[in-house]
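Visitor: One letter stands for each residue in the lines below.
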Amino acid sequence: MDNMTLIAIASIVTAGLTIALGSIGPALGEGRAVATALSSLAQQPDAATTITRTLFVGLAMIESIAIYCFVVSMILLFANPFWNHVIAQIAGK
Amino acid sequence: MRLSPDQMIFWQHGLLKLNGTIVFTWGLMIVLALGSKLITRKLSTELQRSRWQNLLEIVVTGIEKQIKDVGLREPKKYIGFLGTLFLFVALASLCTIIPGYEPPTGSLSTTAALALCVLAAVPFFGIAEEGLGGYLKSYVEPTVIMLPFNIISELSRTLALAVRLFGNMMSGTMILAILLTITPFIFPIAMSALGLLTGMVQAYIFSILAAVYIAAATRGRHSGSEATPESRA
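For the record, the sequence lines run as chains A and B.
Numbering of the first sequence is given in the numbering used here, commencing with residue 1 and proceeding in unit increments.
Numbering of the second sequence is given in the numbering used here, commencing with residue 1001 and proceeding in unit increments.
Okay, chain B solo, but in the shape it has when bound (with noise of 0.2 Å):
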């Protein structure tokens, strides 16, 4: 049983490989960056526009607003970040109703990679907004104790972005190949379901998790009241 897209091999060509990870990660970044790039080629600002620019609309506010709700308060700075990443795990999910599809983000090469994105983005985004210092203050946030508590935590929550990712999406394929096996008719359609819903929801998680990282490094300074939502699992 094939456990992930790596072992999807295209052409091969001594040490170089084409697997099924790269060609899906590839064309789904070409079906993002052509499909923005035809849509926002004619905007108009009337209130006749096409219905490809109302949709980009719908998705780019909505993602601003969910940043927004998260505590980062110019949304603007982040969507660049953080809507890239929700667009591509929710695309490599929804693509699954292509037949031959297989995502990308159900390899642990991928999701790790989406993972170390994170881990680089925070201190980027920490420096940005608290200078120096101020980010690295707030490793000693508490008491100087904590330091190697945050330290841990920075990288278990790497690891624990990668493997949620990976083994939802994982395991979806896994249920449908071994429902197709036992109950090959109707039922893996309604796991497909499911699988599309999941797949919506670990995107909108990821994203969320890395824009709440993102705000517990940005907002030390003024933390005082609101208790930030910050997590360890």
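Chain A with its partners taken away, still in its complex shape (with noise of 0.2 Å):
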């Protein structure tokens, strides 16, 4: 196998393994985080405002950690950098 074929199966695998395993932490967390929300909001519906509130500032903290996870991917996929180089090198030949 040539170099290209070694980054492009590396690029392709790793995008996959960095979106699947990164998204099982805040998978987890954004279900803890919404079920402890419910439950204080059936115990306490008058404090629905702030709980709303800091949930979802909550969740965006969570979500972005998954997020990342999806930029890196896609710039494995969509804007390799490594790709890029050894393409350039083939067209500099």
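Derived by calculation from the structure, the hints in this document are not laboratory data.
All clues stand as given, with none of them false.
As a list, the in silico EDC-like pairs of lysine to aspartate or glutamate whose alpha-carbon atoms are at most 20 Å apart:
hint	chain 1	residue 1	chain 2	residue 2
1	B	K1068	B	E1129
2	B	K1068	B	E1057
3	B	K1076	B	E1057
4	B	K1065	A	D46
5	B	K1077	B	E1129
6	B	K1068	A	D46
Some chain A residues near chain B, calculated using beta-carbon distances under 10 Å:
hint	residue
7	T49
8	R53
9	A66
10	Y68
11	F70
12	M74
13	I75
Cβ-to-Cβ under 10 Å is the rule here; a few derived chain A residues that face chain B:
hint	residue
14	T50
15	F56
16	V57
17	E63
18	S64
19	I67
20	F78
21	A79
These numbers were taken from a predicted model, which means no experiment stands behind them.
Even glycine gets a Cβ: it sits at the ideal position worked out from N, Cα and C.
Since each chain comes alone in its own frame, lean on the hints to assemble the complex.
Guide: Here it is in structure tokens:
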């Protein structure tokens, strides 16, 4: 296998692994956060606005980890610097 | 596949490029500025008022209430900055219902610029409120050992703000583009409705986080009992 194939294989597999493994943690975290927020909403409906606001901000925090993984995998797939480097080298020959 | 509106080039002359991000950003700015200028040209304090004035009043009082809820006691001082952030990001994602439009917030340069504005605004408001010494003291707040970590958190949350907004907006357009090739008719509509919702939530979160950071910087002196919901994601 030449370098190009190796880079392509590594990028594609890593992109898949990144988003697959990286979404497990945030999914568990968001589930716990929403479950706790729901039970506290049921206990104290008066505090709904505060709970909802804090929940949204917290969810965004947790979700941003998944978003980082998504951005990394998108970069690996569509704007891969190593791939571009190899292409540039081949074109330069 | 196009990753961001940066690669959408309308006009090019040498090094000068006019890409989609610039065009759509200026379009939004013109819409926002001209719209509010036109509406506020004839304001009335009577019971009879135009429906546009009602809309603007709802928006402004709503933003003001949210800023106050975060803990900034005088929202009038901050609404110019925070309200602009919210309105720009919200309008950028609301306009995705217009065909041919791509949200400028789907480009990392726009979101990085917005996040840098927040990075600069936090010391600005902090020094205006607490004085230079009071603001710098907030860096060594629990102990001096925390100084490097406070600086790191300042930088990392700026990065987080930029990448979060970029990732959410980019993923929205990306998912739409992928779905259009797989199930072209009904399903992309549902996903674009979901994209509108996430766009509004992201606009809300971006401005609320900026408000939280400013609140954390401006009330170091009397933070005693209230725990600041400061986050380090």
